[in-house]
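Trainee: Residues per chain, in single letters:
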Amino acid sequence: MIEKEYIITAPEGMHARPATTLVRLAKNFTSVISICKDGKTVRLNSLLNILSLGIKGGDVLKVCIEGEDEVAAAEALDHFFAEV
Amino acid sequence: MKGIGVSPGISIGRALRVVRQKAATTGILLSDDEAVREEVGRYKDAVNHSVKDIRTLITIQEGSTPPIGSVLPGAAADILEAHIEMLTDPQLESDILEQIRVGKKNASDAVLEVTGRLVETFRNMEDPYLSARAADIEDIAQRLLKHLGALPPQASSLEGSSLVTPGEGPALVTPGGGPVPTTPGEHSVPADLPFIIVADDLSPSDTIMMDLRRIAGFALQAGGSTSHAAIVARLRGIPAVVGCGTSLDKVADNDILVLDGATGQLWVNPGDNQLMELRRKKTALAENALLLASLKDVPARTVDGRRIRLLANISRVGDMKDAFQHGAEGVGLFRTEFLFMEKNSFPTEEEQFLAYRDLARASQGTPVTIRTLDIGGDKPLPYFPMPKEQNPFLGHRAIRISLDKKDIFLTQLKAILRASSFGRLKILVPMVSSMQELRAAKELFTTAKDELLQKDISFDRDIPFGIMIEVPSAAVIADLMAREADFFSIGTNDLCQYTMAADRMNDKVSHLCDPYHPAVLRLIHFVIQQAQLNNIPVSLCGEMAADPLATLLLTGMGLEEFSMNAPSIPTIKHIIVNSSMDKARQVLRQVMEFDDPSEITQYLQDINA
Numbered sequence: 001m002i003e004k005e006y007i008i009t010a011p012e013g014m015h016a017r018p019a020t021t022l023v024r025l026a027k028n029f030t031s032v033i034s035i036c037k038d039g040k041t042v043r044l045n046s047l048l049n050i051l052s053l054g055i056k057g058g059d060v061l062k063v064c065i066e067g068e069d070e071v072a073a074a075e076a077l078d079h080f081f082a083e084v
Numbered sequence: 085m086k087g088i089g090v091s092p093g094i095s096i097g098r099a100l101r102v103v104r105q106k107a108a109t110t111g112i113l114l115s116d117d118e119a120v121r122e123e124v125g126r127y128k129d130a131v132n133h134s135v136k137d138i139r140t141l142i143t144i145q146e147g148s149t150p151p152i153g154s155v156l157p158g159a160a161a162d163i164l165e166a167h168i169e170m171l172t173d174p175q176l177e178s179d180i181l182e183q184i185r186v187g188k189k190n191a192s193d194a195v196l197e198v199t200g201r202l203v204e205t206f207r208n209m210e211d212p213y214l215s216a217r218a219a220d221i222e223d224i225a226q227r228l229l230k231h232l233g234a235l236p237p238q239a240s241s242l243e244g245s246s247l248v249t250p251g252e253g254p255a256l257v258t259p260g261g262g263p264v265p266t267t268p269g270e271h272s273v274p275a276d277l278p279f280i281i282v283a284d285d286l287s288p289s290d291t292i293m294m295d296l297r298r299i300a301g302f303a304l305q306a307g308g309s310t311s312h313a314a315i316v317a318r319l320r321g322i323p324a325v326v327g328c329g330t331s332l333d334k335v336a337d338n339d340i341l342v343l344d345g346a347t348g349q350l351w352v353n354p355g356d357n358q359l360m361e362l363r364r365k366k367t368a369l370a371e372n373a374l375l376l377a378s379l380k381d382v383p384a385r386t387v388d389g390r391r392i393r394l395l396a397n398i399s400r401v402g403d404m405k406d407a408f409q410h411g412a413e414g415v416g417l418f419r420t421e422f423l424f425m426e427k428n429s430f431p432t433e434e435e436q437f438l439a440y441r442d443l444a445r446a447s448q449g450t451p452v453t454i455r456t457l458d459i460g461g462d463k464p465l466p467y468f469p470m471p472k473e474q475n476p477f478l479g480h481r482a483i484r485i486s487l488d489k490k491d492i493f494l495t496q497l498k499a500i501l502r503a504s505s506f507g508r509l510k511i512l513v514p515m516v517s518s519m520q521e522l523r524a525a526k527e528l529f530t531t532a533k534d535e536l537l538q539k540d541i542s543f544d545r546d547i548p549f550g551i552m553i554e555v556p557s558a559a560v561i562a563d564l565m566a567r568e569a570d571f572f573s574i575g576t577n578d579l580c581q582y583t584m585a586a587d588r589m590n591d592k593v594s595h596l597c598d599p600y601h602p603a604v605l606r607l608i609h610f611v612i613q614q615a616q617l618n619n620i621p622v623s624l625c626g627e628m629a630a631d632p633l634a635t636l637l638l639t640g641m642g643l644e645e646f647s648m649n650a651p652s653i654p655t656i657k658h659i660i661v662n663s664s665m666d667k668a669r670q671v672l673r674q675v676m677e678f679d680d681p682s683e684i685t686q687y688l689q690d691i692n693a
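Chain order of the listed sequences is A and B. In terms of my numbering, the first sequence is residues 1 to 84. In terms of my numbering, the second sequence is residues 85 to 693.
As a list, the in silico BS3-like pairs of lysine-lysine whose alpha-carbon atoms are at most 27 Å apart: (1) B:Lys405 - A:Lys56; (2) B:Lys365 - B:Lys380; (3) B:Lys427 - A:Lys62; (4) B:Lys86 - B:Lys334; (5) A:Lys27 - B:Lys136; (6) A:Lys4 - A:Lys40; (7) A:Lys62 - A:Lys40; (8) B:Lys427 - A:Lys56; (9) B:Lys128 - B:Lys188; (10) A:Lys4 - A:Lys37; (11) B:Lys427 - A:Lys37; (12) B:Lys106 - B:Lys188; (13) B:Lys128 - B:Lys106; (14) B:Lys427 - B:Lys490; (15) A:Lys40 - B:Lys427; (16) B:Lys463 - A:Lys56; (17) A:Lys56 - A:Lys37; (18) B:Lys526 - B:Lys490; (19) A:Lys27 - A:Lys40; (20) A:Lys4 - B:Lys427; (21) A:Lys4 - A:Lys62; (22) B:Lys472 - B:Lys592; (23) A:Lys27 - B:Lys128; (24) B:Lys490 - B:Lys539; (25) B:Lys472 - B:Lys490; (26) B:Lys405 - B:Lys427; (27) A:Lys4 - A:Lys27.
What the hints contain is simulated information worked out from the structure, not anything from laboratory work.
Could you build all of it, start to finish, from the sequences and the hints given here?
Mentor: Rendered as C-alpha cells:
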C-alpha cells in the first residue's frame, strides 16, 4: 500500500471540475484509492463523496492506494495534484 | 414587489414563466423479488438514458460556434461532465439500490429519497460553492425521474430543439413543445422585447439550455445570492432578482416586467410614465457604466499631471480579481481578520503563509498592504475568549492584543515575511497610539526577521513596516511617528469617532461623527503634511477614500494614495482625471475657511455638481 499527503494549493479548494477529472483518473486503475481528510475516509470513485468532504484551499489530504498498479496510480496522482 | 438583487442592472422585458414540475413519492412498496428486479432494471435504464441525454447536450454545445455557451465557454461542458459523474456515482447507485432492494421502494421513490437527503446535506454546507452544488443534484434527480415516468417527458420546459439553434426562432420552448406565444394580451407587447425568465428556481441544465443572449433578466421565487442562477447571472451580466416569494405567482406570460438587479425591485406592467422613467434610468446607468468601464486602464492622473494611486480594500484572495477589474493598482488594505474568523483555532504560521503567498501571487507584482490582526471586544474570535468590556472601542484591541499575546503577533509577522518573497508586501499595524507601542511592535518585527534569518528562510529585507493613523493621539504626534514608521495609512472611520467622541452606531450621536468636521480635517491634513516632510508614503483607507465629496479636498492636501472598496474606484478616478491640482488646492483653502461641517459638505456638493 502507498500512502501520500497532498496540500491543496488552489485557494478555492477542490471544485467540481478538478474533482471530476480526479474521479475519472482513478477509474483508470484497478487499485483501490481512498482519500482521507479530518478523519473522514471516502473512496475516490465517488464524485459526490469527494465534494461532500468540503475540501478547501490549504487542506491536507491523505491518500491511500492499494492494488497491483499502485505505483502507476501514485505517479498519476502526483501529477494531478501538482497541476491543481 | 421586492426580492433580493443579486446581479445589478435594470432590465425591461416580457415575462416568460418556466414551470418546474415536482414529483411526489408514491409510497407504494414492492411486493416481491420480481418487482424488485424490475425496478432495479428501470433505475439502471434511467441512468443510461440520462447519461445519453447529457452526452447529446455536450455534443450540441461543442458543435455550436459561437458556443451557445449560456454559462461561460467551456463551463457548460464542465457542469455537464460533472452531472454524468454524479449520475454514475457508485455511492449514489448503492444507496438507491439499497432503497429498492431492502426498503422495497419503487425506483422513483428511491431516487427521490436518496437525492433529497443529499440535497439537504449539500445545502447545509458552509462553503457557498459546495452548497450551490445542491442544484446539480436536484438537476440529475429531475433527469432520472423524467426517465422513470415520474415527471412529464418535458421535465424542464426549456429543453427543446429550437432553443439550441442560436440566432433564429424563439429563445425557448414552452412545456407543450410549441413556440412561446407572442400574441399580446391586454397590453400591446412589442415583439422585440427580450424575455425575463420568471421561475421558482433554475437548474444548471435550465441555464445551459437557454440562449442567454435573448434573456434580459431572471426573476426567481427561491434562491439566494449563491444560488446557481445568481452565479450565472453575475457571470453573464444579466440583471437578476431572487427570493421574490410567492407574489411572483401573479405574473403571467407576456406581462411587461421591469427589474432592478441592484435594489431587488420589480415592477409588473408599469404605467407609461413609470416605464418611461425606468427606461431613462436604465439608459443612464448603462451610459455611466460604460463611461466608468472605459476608465479602467486609464491611469489616475490630474489634468496637470499629478499621479494618484487608487488601491483596493479587500478581505480575501478571491477579491483580487474583482479589484483588478475595477482598475485597482494594488491592495491598500488586506484585512486578515477573515483568515482568523474562518478557523476554529488560531491559524498556524504555515496556514497563514499559504494564504499570504496566494495573495502575493494573485497581486501580479502590484503592492499589497497586509494589516495585522485587528480584533477586539466588538470583533471577537470564536476561539479566543475576550472578557466583556464596558467600552470595547476604548479597550483591549488590535495592536494592544498583539503586544500582549506576542506569540500570535510573531506567528503572523513571520508568515507575512515568508510570503514577502512572492510579491511586494507591506506590513500595517492597526490602532497604534504611542511611540512606545510603535517601538514595541518594531522590536517584535525584528525578532521575527531574526528567527527567519537563523533558519535561512528568505524574505524581502526591505519590507516596509507602517502604522494605521486612526487614534487622535497618533495623528497629533504624526511628526514623531513619521521618523520611525515606514509609512502611514489613515483610517478615517475610527479617527473620526475617536476625535468626536461619538459612536457612529449610536443614532442619537452619530450625526456628530462627521468626517467633514474641521477637527477631523485638520488632523488628516497634518498627518499628510508630516508624512511628506519626512518623506514617507501616506495613504487613506477609510470610507472617506471612496466618498466623491472628499476626493478633491484630499488631493489638495497632497494625498497620493486612496484605498477603497473596488467598485468605487472608477467613480473616484473619473473625478481625478477631470480635475487639476490648482483646483484641488483651491478647494482645500476654501474648506479650511469654514467652521461648520454642514457648510463644508454643502460647498463640496456644489463644486461636484
